[in-house]
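J.: Heads up: the protein sequence lines correspond to chains A and B, in order.
Going by this note's numbering, the first sequence opens with residue 1, and the numbers climb by one from there.
Going by this note's numbering, the second sequence opens with residue 1001, and the numbers climb by one from there.
One or more hints might be untrue.
[Unchecked claim] Heads up, simulated DSS-like pairs for lysine-lysine below, C-alpha to C-alpha not over 27 angstroms straight-line:
| id | chain 1 | residue 1 | chain 2 | residue 2 |
| --- | --- | --- | --- | --- |
| 1 | A | K64 | B | K1042 |
| 2 | A | K14 | B | K1071 |
| 3 | A | K64 | B | K1071 |
| 4 | A | K14 | A | K66 |
| 5 | A | K42 | B | K1068 |
| 6 | A | K66 | B | K1042 |
| 7 | A | K64 | A | K41 |
| 8 | A | K41 | B | K1103 |
| 9 | A | K20 | A | K66 |
| 10 | A | K20 | B | K1042 |
| 11 | A | K20 | A | K64 |
| 12 | B | K1071 | B | K1056 |
| 13 | B | K1068 | A | K64 |
| 14 | A | K55 | A | K66 |
| 15 | B | K1071 | A | K42 |
| 16 | A | K20 | A | K55 |
| 17 | B | K1068 | B | K1056 |
| 18 | A | K41 | B | K1042 |
| 19 | A | K66 | B | K1071 |
| 20 | A | K66 | A | K41 |
| 21 | A | K42 | B | K1103 |
None of these hints come from the bench; they were simulated from the model.
A quick note: this is a predicted structure, and the numbers were derived from the prediction, not measured.
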Amino acid sequence: GAVVSQHPSRVICKSGTSVKIECRSLDFQATTMFWYRQFPKKSLMLMATSNEGSKATYEQGVEKDKFLINHASLTLSTLTVTSAHPEDSSFYICSATPGRSYEQYFGPGTRLTVT
Amino acid sequence: GESVGLHLPTLSVQEGDNSIINCAYSNSASDYFIWYKQESGKGPQFIIDIRSNMDKRQGQRVTVLLNKTVKHLSLQIAATQPGDSAVYFCAEASGNTPLVFGKGTRLSVIA
Chain A
1 GAVVSQHPSR VICKSGTSVK IECRSLDFQA TTMFWYRQFP KKSLMLMATS NEGSKATYEQ
61 GVEKDKFLIN HASLTLSTLT VTSAHPEDSS FYICSATPGR SYEQYFGPGT RLTVT
Chain B
1001 GESVGLHLPT LSVQEGDNSI INCAYSNSAS DYFIWYKQES GKGPQFIIDI RSNMDKRQGQ
1061 RVTVLLNKTV KHLSLQIAAT QPGDSAVYFC AEASGNTPLV FGKGTRLSVI A
């Protein structure tokens, strides 16, 4: 149980375009989902916390207009990277929790490459 | 601000030996600690957790030790196998705040 999926697993896009990444909890309802960014050989950096039906809470330094998060249902959250640039290239990972923030189940990640 | 860090960024061990991965944390209010394993190109995988009211917890081939006096957390892997090769992260939580991840240690198992 407690499976989280992400789609797509890999995406390549051109500069200036927008890319949407989906995060789904497959067998539980996620009251909260988290979006992380990970650079090569680095740790996970929390970007934002999203609760179903409300606006996401962004971490300091993360542009909310750049990284749009929508948590429309208890099993789906989306991250849209708008007007992507090469520096947005990274590994994006989501996690979901059915309750407490420390009980997080992670998705497999999405590798974004912006050319 | 508060942070979680690691003493050793890389660790190489012989297959069959025991591995010890260390983590220092700075938030004395943290009440929950977790170890994750991350293989290349994948998301973190839960290994074991421990609450602040415990000092040791054992799982299958893994043991987590918590020393609150010196704010130190360790992960011990017994009889390390090639499949254990990965990056290991510790994470801490306080109340219902988001997890704070450490920098990670890469474990390489030499066959």
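J.: Output the indices of the hints that this structure fails to meet, ascending.
T.: Going through the list in order, the structure violates hints 2, 3, 13 and 19 and respects the others.
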